[in-house]
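Trainee: Okay, here's what each chain looks like letter by letter:
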Amino acid sequence: MQYPLGSEVKKDFPILSTILPNGKRLVYLDNAATTQKPIQVINAVADFYKFTNANVARSAHYLGEKTTIAYNDARKEVAKFINADYDEIIFTSGTTESINTVAYGWGDENLSEGDEIVVMTSEHHSDFVPWQQLALRKKAHFKVVPLREDGTIDIDTIKRYVSPKTKIVACAGMTNSFGVINPIQEIGHIAHKLGAVFVVDGAQSVPSMPTDVKQIDADFLSFSGHKMLAPMGIGVLYVKRSIIESLKPFLTGGGMIDEVKNDSTTFACAPDRYEAGTPNVEGAIGLATAIKYLKKIGMGRILEHERDLLAYAYEKLSSVDRVILYGPKDIEKRGGILSFNIKGIHPHDVASILDANGVAIRSGHHCAQPILRSLNVEFMATARASFYVYNEKSDIDVLVDAIEDAKRRFL
Amino acid sequence: MRDFSDLYAEIIMDHQKHPRNFGTLPIFDKEVQMTNSSCGDQISLQVKFEDGKIKDIKFMGIGCAISMASASVMTEIVKGMDVKEAKKISGEFIEMVTNGKEPADDLKDARAFSGVNKYPMRVKCATLAWHAIQKALSD
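Chains as they are written, first to last, in this note's numbering: chain A, 1 to 411; chain B, 1001 to 1139.
Hints may be right or wrong, so weigh each one.
Derived CB-CB ranges, DEER-like [to be verified]:
| # | chain 1 | residue 1 | chain 2 | residue 2 | range |
| --- | --- | --- | --- | --- | --- |
| 1 | B | LYS1017 | A | ASP401 | 20 to 30 Å |
| 2 | B | LYS1088 | A | PRO183 | 58 to 68 Å |
| 3 | A | GLU404 | B | LYS1055 | 40 to 50 Å |
| 4 | B | THR1035 | A | ASP321 | 27 to 37 Å |
| 5 | A | ASP263 | B | GLU1031 | 56 to 66 Å |
None of these hints come from the bench; they were simulated from the model. Think of the CB as a built atom: it goes at the ideal place given N, C-alpha and C, for glycine as much as any other residue.
Just chain B, same shape as in the assembly (with noise of 0.2 Å):
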């Protein structure tokens, strides 16, 4: 690693020291639980859906930084978002940290992530949480 403000941009650590929405839903529609078995990272979701609308979102898991603050701002970024909207923009992270794609600028905060492109080992970890937002969104 070149800087350690590479990878660990201060967006991540803020949300890796206090993550956003972790936590249990008294009441939810969804509930996905996806593991990185290359890394240990464990993730579990659940969703509350209204009007097409993610009305709800919750976290919990444990694993790496980059894995754990990746999914608090991933739920503070489609939390209240139309599920089509989220679908797109859970696309186009991973887009960005797997092939390396210019960050999209709806993806805020998200965008901090953009550097992992270059940390094929901890490309995964970035991802988890988005590939489970994408699988609580398929059906």
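Only chain A is shown next, with the shape it has when bound in the complex (with noise of 0.2 Å):
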């Protein structure tokens, strides 16, 4: 039998009953923020510290070794959710960490002067600013890859911007703006072609489509653990093993060495390396947890429920007088994230005025300026409604009802 999906779900995330103190029901549709944790994984969590605690890979007693093989088996777990080994996994805070790993451990190593570094225009912040600093810091050229007005790459770009000097691109798997699913197998194509590395920002699109780094062909893919049921300040960077020895580790201390002397180290294999100081293995428990949880739905099956969710918001929402629909209209192309505005309204208006109604959406220009100032978006932000695994079409009856709401009250 199917693990059920949309308001069935909803019995596993307590917090997803909160009744807002002005007795509205929540809806919780902020999902490209973070998402909600599953009592399964609150679970594995407490059981933890109930059970198991103690540092890892270092004491060798009976709570030493548990916690060890708990750590272990959740990085087996990780690298089989996406077609990786398991020393290919390196557990980080979250995709932030990840990312600018790649950019000191490998970036400060391996670019010059005059080397470049692309870009697209739709990346999240830490997906730009590491790059960007890495190229000031090497005096490399920064190159943005413009985009479609609704949001999508055009590959014929992108080929007019990588070159034989282009030693990185960096891409999102799916943007966290408009929820824009992008080719990066063709991108990665591109890339390799031409001799640069490969970096994907998984963030949006691993917690909500298969992946498989095999077929991707990434060098580098980050992602983050609470943007998929899992705890806050648990990440993951995946290396392709190929080239994990052109990584310098970016952290050093205990954990990651093999031997010390006073005027030299020498640093442990791969995943430990990457790995200084004791790690969030309570994290990298939640999120082997989340990550079983997922793979009961299917990621396929997620896919398809935020797209369903995704075009039915879509129909409503665009027979409404004034609304503005961001991102294109094929909704093959997309994922369940739906930015929109309302015509002389203020998204942070519109964010209160649903929140008066229960509705919690994210407002503002969503760690992702550069794509807002490109489309020339009013006042450089939009109100993004972002759908998941416990949404159903009722949430999104209560969102148009709420937006119908602020109009009233602001026009």
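Given two chains presented individually in distinct reference frames, assemble the corresponding complex, making use of the accompanying hints.
Mentor: What follows is the structure in structure tokens.
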């Protein structure tokens, strides 16, 4: 039997039964910012502290062994989830740390003056600023690929931006601003043909669709646990085995060494080499539990579910006067994110009125100022509703009513 | 939000719909531009001084209802005021919104913004115009 989706999984998420102080039922549509956690994940984290907690890979006692086994098992689970090998998975605090690990650990070592870094205009700031700053440190060229009006990428434009001088091409699997699914396999192919490494920001795509690093042929792939039902503060950096030796550890210290002498240190093998200090074991266990939960549903079904909700919301909102919808009209090019504006009402006011109706959405620039600036979006900000496994069509009905309420009050 | 009026008091909605002193001055002594980078609110303020008083003031800007209404209320309050008094009152407003201090009586209509303190995401919107006037009066 298939694991349910929508209303029937809501029971797994205690927070979704929240009644707001004004008596409204919580309708949580801010999943692209962070997702809620099922009781299975909450229990896994609590159980770790009740029955397992010790430091990892250090202490040869009952709890120490138990913790180390649990941490290793979590890494195996993550590796399997994206079709990687165990020693290609590095645990980090999240996508931001993962990308900075590559920018400092690979970029600073392998870039020279005059080299190029190519990113898309739609990148999240965490996949934009580290590359821009790396370019400034190395006097490299930072090239930002413009997009079509609907936020999608034109492959021919990318071909014009990537050259033999390009060392890094960075692109999100799915954009967090408009939910556009990028053709990463093709982009990776262009990058590799000209000798660049291909860095994929999977923060938005990994939670919502099947991910196979071998199929994408990514050299680096980052994602965060908190956007896929796992705790905050745990993330992943996948590094392709064939290039892992060219990645210098960005943080040094305990747990990542082989031998330490007064004047030199040799480092441990991957992945330990990249995990200095006591790691976030509870987070890793929470992430593995979240992955098991998502796999029960099936990643393909999750994308389908998000698209069903998106299509429903898109159709309903496109007939609402003054509502502007961003992103491609073709639902097949998107995941469950819908950025919109109500002409003449600032998105922060929209978010506050929606909040008064119990609906939680995000408003602002979504850490993606370059794309909003390039498209001349009014107020340089949008309102954004984003859907996940526990959302259902009735949530969108509440959203649409709340938008009408905002119009009544402000226009 | 508990209720719409928690954040959007009637006075605020009135100033949002009918902003006072909106526009530019033909002659002015000081011009200040300020943005609230977390939301993209922008304000531009022009001030004309005479005998240690704010003779005239106008603002232009784009932003949310809170930021624009706050700018409108601010210009209405400080227009005609002593520079010293305007400095004091803008400090009181920022204290009220940022730290939840009891609103001072001389804040008049601006007391409607006291509720913003409970919404940390909106504090910067409400204080933008008041930071701008402080800057205009500072040197």
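Trainee: Is 56 to 66 Å a correct range for the gap between the Cβ atoms of ASP263 of chain A and GLU1031 of chain B?
Mentor: 60 Å, holds
Trainee: Range first: 40 to 50 Å. Now tell me if the beta carbons of GLU404 of chain A and LYS1055 of chain B are that far apart.
Mentor: Holds - the Cβ-Cβ distance for GLU404 of chain A and LYS1055 of chain B, about 45 Å, lies within 40 to 50 Å.
Trainee: Range first: 27 to 37 Å. Now tell me if the beta carbons of THR1035 of chain B and ASP321 of chain A are that far apart.
Mentor: 30 Å, holds
Trainee: For the range 20 to 30 Å, tell me whether the beta carbons of LYS1017 of chain B and ASP401 of chain A fit it or not.
Mentor: Given a distance of about 23 Å, which is inside 20 to 30 Å, the answer is holds.
Trainee: Please test the hint of 58 to 68 Å on the beta carbon pair from LYS1088 of chain B and PRO183 of chain A.
Mentor: Check passed, 59 Å falls within 58 to 68 Å.
Every hint from the earlier list agrees with this structure, and none is contradicted.
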